Amino acid sequence: MGKTKRNPFFDNSLLLFSIVIIFWIITTIDQNIPDWSFTLNYGIKAKELEGILGIFAAPFLHVNYQHLIGNTLPFLALGGLVLLSGRGRFIFTSILSTIISGMGIWTFAKEGTVHVGSSILIFSYLGFLLMQAWFSRSIKWCLVALIATIFYGALILTLLYQKNGISWHGHFFGFISGIISAALVTPAPAKKKRKAIIKV
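Every letter in the sequence shown is one number past the one before it in my numbering, and letter 199, counting from 1, is 199.
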């Protein structure tokens with residue numbers, strides 16, 4: 001008997017929700033263990049040598065439940081749309097944006113600040129979806145980008161929004177890294193051959 005074909009929707013949902021569960025476990029530990037903070041210990045500490053390690057941990061960390069709740073739905077929605085293009089692209093975009101955004105935050109953010117949150121990934125997914133449509137010229141991906149824009153296009157207005165307690169650096173570099181990822185993995189549309197017209 002042949003192997004039962006796995007359901008991509010189930011696998012993708014399992015991947016996304018597993019990541020979100022990790023978010024919630026870490027935040028729950030942070031909020032309930034006195035004198036301990038993953039956020040302060042493992043966030044991106046701008047311009048500090050030890051803060052470089054936080055580049056890989058920051059997307060999994062959140063300041064509090066309010067911060068986490070605000071990021072959970074956009075992460076699931078936009079991450080799910082990116083997964084439509086394949087788990088490989090989703091993983092590549094996530095890793096690339098984590099590194100590029102983290103380095104951007106560490107280099108350009110104000111010294112003495114600590115940056116955390118999955119907004120890094122959320123903005124990278126939005127940038128990826130918009131640019132994937134642009135680069136591919138595919139009706140399918142244009143529709144996907146339209147859906148992303150309808151529900152989360154307003155996030156673009158906050159790219160450079162400066163307010164105490166909000167890391168616009170994470171938003172900006174996340175979006176840019178999503179664009180870079182789309183440029184690297186999206187194949188150019190096939191050129192249609194023009195038919196020659198012969199006079200008779």
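Since the hints were derived computationally from the structure, they do not count as laboratory data.
There may be inaccurate statements among the hints.
In silico DSS-like links for lysine-lysine, alpha-carbon gap of 30 Å or less [claimed, not checked]:
hint, residue 1, residue 2
1, LYS47, LYS5
2, LYS47, LYS110
3, LYS163, LYS47
4, LYS110, LYS5
Note that the coordinates shown come from a computational prediction; the quantities given were computed from them, not determined experimentally.
### Task
Please write out, lowest number first, the hints stated earlier that are contradicted by the structure.
1 and 4
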